[in-house]
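Here the sequence shown stands for residues 1 to 341, where the numbers follow UniProt numbering.
Everything hinted at is true.
Below, a list of computed lysine to any residue pairs in the SDA-like style, where the Cα atoms sit at most 25 Å apart:
hint, residue 1, residue 2
1, Lys-173, Arg-279
2, Lys-173, Ala-54
3, Lys-173, Asp-116
4, Lys-173, Ile-250
5, Lys-173, Pro-247
6, Lys-173, Thr-43
7, Lys-173, Val-159
For each label pair, taking beta carbons as the anchor points, the in silico distance ranges come out as:
hint, residue 1, residue 2, range
8, Ser-268, Ala-68, 51 to 61 Å
9, Arg-231, Gln-255, 29 to 39 Å
10, Gly-50, Leu-334, 41 to 51 Å
11, Tyr-238, Asp-329, 32 to 42 Å
12, Leu-124, Asp-261, 44 to 54 Å
Hints were generated in silico from the structure; no laboratory data involved.
Note that CB positions come from ideal geometry on N, CA and C, so glycine has one too.
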Amino acid sequence: MAHEGAGQARGRFGRMTSAARHAFTPHSHDSADKTDAAFESSTRGLRVLGVSFAVLIVAAAVQGVIVAMSGSVALLGDSLHNVADALTAVPLAIAFSVGRRHASRRFTYGYGRAEDLAGIVIVLIIAVSGGLAGYAAVMRLLEPQGVRALGWVAAAAVVGFVANEWVARFRIKVGREIGSAALVADGLHARADGFTSLAVLIGAVATALGLPIADPIVGLLITVAILYVLRDAAREIYRRLMDAVDPDLIDQAEQIIAGTDGVLGIGSVRLRWIGHALRAEVDIVVGHHLSLLQAHAVAVETEHRLMHALPRLRAATVHADPDSPDGTDHHAALVSHRRAA
1 MAHEGAGQAR
11 GRFGRMTSAA
21 RHAFTPHSHD
31 SADKTDAAFE
41 SSTRGLRVLG
51 VSFAVLIVAA
61 AVQGVIVAMS
71 GSVALLGDSL
81 HNVADALTAV
91 PLAIAFSVGR
101 RHASRRFTYG
111 YGRAEDLAGI
121 VIVLIIAVSG
131 GLAGYAAVMR
141 LLEPQGVRAL
151 GWVAAAAVVG
161 FVANEWVARF
171 RIKVGREIGS
181 AALVADGLHA
191 RADGFTSLAV
201 LIGAVATALG
211 LPIADPIVGL
221 LITVAILYVL
231 RDAAREIYRR
241 LMDAVDPDLI
251 DQAEQIIAGT
261 DGVLGIGSVR
271 LRWIGHALRA
281 EVDIVVGHHL
291 SLLQAHAVAV
301 ETEHRLMHAL
311 PRLRAATVHA
321 DPDSPDGTDH
331 HAALVSHRRA
341 A
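Sequences and hints are given; from them, build the entire structure.
Structure, rendered in structure tokens:
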């Protein structure tokens with residue numbers, strides 16, 4: 001029994017000294033490190049947007065010249081789509097720049113939500129490009145015209161596909177690495193644009209085979225493709241605005257919390273994206289016999305494990321509740337307020 005008591009005392013002393021070290025020594029998850037990581041992520045995002053903007057504008061310019069030569073409305077639709085895709089880089093770049101600003105007493109969570117506002121602008125740009133492409137295709141069906149320079153149209157379609165696929169891979173790769181859903185969505189948008197370029201190529205081949213109506217029909221198909229991209233983009237932005245997260249992230253967080261020494265139970269677990277960073281709010285249950293310092297040490301260890309295991313988690317608020325072996329409700333005074341909320 002004496003050995004057991006000594007072991008418990010050493011355990012308590014270890015938790016207390018761990019908490020003291022955490023409170024009085026530098027730690028790898030302090031606010032400066034988090035700010036540096038956010039700054040680096042935004043810098044990479046800005047670099048990707050700048051390069052992809054240049055590539056898509058050049059591709060759209062090449063296609064625009066050939067549109068003037070050929071009169072192809074399918075290629076016009078593809079060119080407008082590429083311009084729209086390039087322009088989506090502008091609000092995203094602004095959002096990345098704004099998101100690097102430090103939190104203030106008014107914007108206490110920082111400026112990461114600027115990415116969501118940029119997403120709304122991106123949705124509007126996609127909608128406008130779809131409307132213009134559809135209008136051009138319908139007018140060409142009503143007033144048929146021949147398509148010239150079919151070889152150049154086919155070449156421009158290949159240029160559009162290569163440019164969009166390259167941009168898509170670049171955006172998706174970096175977007176996943178820095179945790180930016182907006183950048184990944186923009187990359188998927190570019191990939192869809194690449195397939196519309198292939199549709200232009202098919203239309204040019206069909207026109208060369210004696211089916212001139214293929215050009216405006218492909219223009220309408222491109223419009224439909226743009227509308228599908230619009231739907232997906234709007235859905236992603238809606239989910240971000242409503243603080244939706246992948247349920248698998250919640251499952252992963254709960255597994256991490258449950259495996260933390262000293263955690264007897266899990267209350268609520270909330271995650272939300274702010275820009276391309278995650279924040280967490282967690283309630284845990286600890287032994288009612290623990291001192292304040294010991295309960296704090298369990299909460300710190302829970303946060304520590306979450307920060308290491310959940311990708312792109314930048315901050316976590318962990319609240320420790322005592323267990324209630326006698327049935328005491330430690331939140332009785334808050335029940336009516338929480339129901340009202």
